[in-house]
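Asker: Next come the chains, spelled out residue by residue.
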Amino acid sequence: MIRFEPDRSQYPQPGDDGKLEIDLETGKYLKLWHGPNHPGITGNMSVELTLCGDEVVEGKVHVGYLHRGFEKLMERRTFIQVFPIVCRVCVPEPDFNEWCYAQAVEELAGIEAPEMAQWTRTLILEMGRFNSYMMAMGGIGGALGMGVIGQWMTYVRDLMLDRFEEMTGARIYHMFILPGGVRGHLPEGFAGRMEEVLATAERYLADVDKAMFTNAVFKARTKGVGVIDPALFEPYGVTGPNARAGGVAKDLRKDAPYLVYDQLDFEVVTETASDIWARAMVRRRDIDVSIALIRQILAKMPKDGPVMAKLPNVLHWKIPRGETYVAGESSRGEYGYYLVTDGSGYPRRVNVRGPSYTHAMALLEHLIPGTNIADVAALMVSLHTYPPEIER
Amino acid sequence: MGNLRDVLSPFTAWKHLIETPVTIRNPIGREAADGYRGFHQNDIEKCIGCGSCEVICQNAAIDMVPVSAPVDGDSGLRPKIDYGRCCWCALCVDVCMTGSLTMSNEYTWVDADPDAFRFIPGVDPKPWDDMEKGYRREGARVLTGAERVEMGELPPEARIDNFDEIVVGYTREQAMIEADRCVECGLCVATCPAHMDIPDYIAAIREGDYDLGLQILYETNPFSEVCGRVCTHKCETACAARHEGDPIAIRWLKRHIVDNVSEDRRLEIVGTPQALPTGRKVAIVGAGPAGLTAAYDLARQGHAVTVYEAQDKPGGMMRYGIPEYRLPYDALDRDIAVIAAQGVTIKTGVRIGREIAMDKLRGEFDAVVLSIGLHIGRSTRIPGTEGPGVEAAIDLLARITAGEEVPVPERVVVIGGGNVAMDIARSMARLQKRKHGAVGVTVTALEDFAHFLADREEIEESFDEGIEIVDARGPQEVVRYKSGKRKGAVKGLRTWAVTSIFDGQGRFAPQYDQGDERLHPADMVVEAIGQAADVSILGEDLTEALEWTRGRLAVDPAGRSSEPWLWAAGDAVHGPDVITAVADGHRVAASVGAMLMAMGEVAR
Amino acid sequence: MMRDLHDHLKTRYRLGDLAERRANLAFVDVARADLRALLVELRDVHGFTHLSLLTAVDWIEEGRFQLTYLMNNRTANRSLGLRVFLDRADPVGDTIHDLWPTAATYQRELREMFGIAFPGSPRVDEEFILEGWTDMPPYRRDFDTLAYSQQTFSDREGRETHDPRAHMAKKLNPEGQR
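Chains as they are written, first to last, in numbering that gives the first Met the number 0: chain A, 0 to 391; chain B, 0 to 603; chain C, 0 to 177.
Just chain A, with the same shape it has in the complex:
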């Protein structure tokens, strides 16, 4: 099988100041806008690539296509009114926003959600993680020409959305985790129907293992490609599966257990190669962890009990001055909310720390030079980024 050697280009050359000189007038270079509507892009962002031949010599990330000023909007909403907005920061895994925000508000307001709510929240977060990984699996397959993986994963994700739908009343923006608890109990017979979904998922994932992970082309396109030197993890703020693929056994579910993770049994998944393959593999194996966790939660969670703490009247809810940061391990790494209150009925500042903020900006721009144009999509997708977290 043919493998392209990296660094084939002799261009561009450093100029007098040591910076690379890219003069489009020379005709040696080509500007290519990768996205925002390229199928290989992860959502509405674009990478401005400068090519020399088929090698990328520079990449600049452009975001802003999804900017709605969420953080600013939240400053103009009462604490309860922020609740329907937060989920919109991240479409594939919206629940993390709901939990981080609710937890932050609860902390600053001195409220504790009841135990039943804690278990339900954990269940929702794992269901969300599962779905997010479905998108990631389908994405990495799609980026490498294996559209069928995307179709299978979309189907399985849809089955999980059915469970979300019956549990929360909505498929995408669940709006179920309110400050103070959750909105309701699980429907009758939920665990049984969930088990059917998980069994179907396992069947399809076995097919993914055969069709994608045991696949000469996939291996050739991902092994040794898009390697992130683990030394870059701290300076570039790399967390989650991207770091775990480089041997860093850090997972906030274990290191800083939140909700009921300290009562659940699971291992932190790691790989060592830190390439596209390793990142895909970490996610693939983490799906199994999620499936096991969902089963565990459903088996262990209390059967009944209150789901909401007593709230003050939310129509004029004021929270004393304070600030906090609440973070958890999302499917893409550290997801956190920094909430500042000033004693009024509105947040003074909400800052969303999405893992994509570091992964898709500084890190991606650092990784892109020297890659083959054909590998850019796979590289990007392997970082598993969602642009709204960047621009919010």
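These aren't lab readings, by the way, just hints derived from the structure by calculation. A quick note: this is a predicted structure, and the numbers were derived from the prediction, not measured. One or more of the hints may lead you astray.
Label-pair restraints from in silico Cβ distances [to be verified]:
hint, chain 1, residue 1, chain 2, residue 2, range
1, C, Thr151, A, Pro301, 34 to 44 Å
2, B, His15, C, Val39, 49 to 59 Å
3, C, Thr151, B, Asp123, 24 to 34 Å
From the derived model, a few chain B residues whose C-beta atoms are all more than 10 Å from chain A [unchecked claim]:
hint, residue
4, Asp33
5, Tyr134
6, Arg325
7, Ala336
8, Ala339
9, Gln341
10, Gly439
11, Asp447
12, Ile458
13, Lys486
14, Ser499
15, Asp502
Glycine is no exception: its CB is placed at the ideal position from the N, C-alpha and C atoms.
Given the coordinates of chain A, work out where chains B and C should sit on it, guided by the hints.
Answerer: This is chains B and C only, laid out in the frame that chain A set:
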């Protein structure tokens, strides 16, 4: 170079070729989950138009639009939803004060007209209006507090032998929690006879700004300390919170504000009249809530006001009708002091019609306001009511206030089921406890407990104090001893069970079950079935000149009688409580003020 | 734990009081001049190698911006938020992109959204999220989003709402009588 397995394994995917497609052929019409958040439904009969849904909607998708005429506790507005903005979060459903607003699980609807997606659920008919499935709030309303902060009270054993005030009043912490429950819909304002700015003064409590709170109270009610204790609080029956929980304790919160402002500070905040003296003079007959409210308003307008009061002290029914354990006299005195501070002259112990004739007032003053209340007790006129041992509740109450000796026998039966009946029953119980060490009061009421006229608290507290209340009993005779040492003295009250009170036309025509007869033993019977105004003070000529309707002085909506110089206000013309009298006082003062102003213009 | 660290550091750096939020999260004010040295020590000596986030809070009433550097020690599961205050009239921060390259992105955003300058930070003046923005930095508290949207967009025709209290007063008590 991968091994052979890596080349062959992907072909296993081909097995899916023979599988049935998993896609839904036609997704339009696919039924959503049972609890899906789809298009709204609104139970239009249950909805009260409080607008909490609009307030909580972070998308500004809801407009409150008029659908029916407003009535007590229902604004007649209903939410109209703009689905171009709705994000289906269902906070409107969660916050709904009545539970009327829900969501169906219908979510597919195609229409070429964008304006079709803006409608009033429950009013504009939609196919999903009666769907059983869809999002319902699980369990009780949690976004706004449902339970009232309990009011501290003296326990029965500590209060039964004295006239100490029973209600303790909220602490600041309690008041803050109670005030927090208010959703500020303002439905109560229309129901309050004086249209007090209830949501505003409750907000002042939340802000801890009692000065502001007091200022708001005085804008509509110079008897806030009194009303904070004894108001009939109709506002609370219009409260949005009552539909799924307890209504806000509006009355106690009002009292809480006044309790937290010192008397001196109160005089400072209210101040004295800012208007220049007009030189006009107004006489007010009767220093009750209506008369004194009118006096307050007119004095603030710059008129010289003199109030004539027959009793030794001002206050009217607030002092001589309401027992001290409900309304301490010093609380009343503080309210009256603020009114007196406006330059109002209050002449007590002057009985108009005897010491001073109405004609004289007419000659000396530019306008006269009659606010004489209802101080004559009505009698059932059943056999045996003539003679010793039968008393009118209102007389007894006044004598107790005045500190006079009243008969306190060991067994008392009260006829009547209203608040006055409870007042005299509980007052007598206290006196009995002091004198005999035991309570022996029986209240017999025409109404059954489900339709009782007295406030629920009054009934419960009476029970706590050991008073017997027998409902649905019609008095037939005051039975007297026919012979022996006690000949002629009251032996008891004979009653029949009531089967119905009103006839088909709604007229008062009680029907009895004569087979169910009881004799309630008593040494004294007290009648508390209503009062009348003492209109004899008007004198024959004036009585003749005035227009009357059903025995009451006829007045226009502003309180003006058929004589242009004479207005009437309060219980004597309207009734039945302090807050209505206050509202009446305002109304009459506005009318009198307008007339005096017009006189001023003409004079100039 | 956090208190020990604070006691240890405050002898050499100008630090405010420790505001403990949770056992593993605290915030502290830092003099701007001490920030860099403190960050380096936290990173190299105390294991706070991870920059969770860098953002700003506009305390417009106090005339200052707060920069929050949220430092995290993943091994010990501890986070320390450093608060540096800048004069709102002339807000200039110190770039730390050489300590954490990813900080360049945060600083670029802060430049754009709050108008805080970070001299020397790579591409700090390039547009980040906003394109062709000419108004004041929009995340400042005095940028009025409602006024902006009212100027920029038009309301849907025919919308009218009624306040229940005012509506009832108008219908039931049209003369406004008390």
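Asker: Which earlier hints turn out false for this structure, listed by number in ascending order?
Answerer: 1, 4 and 5
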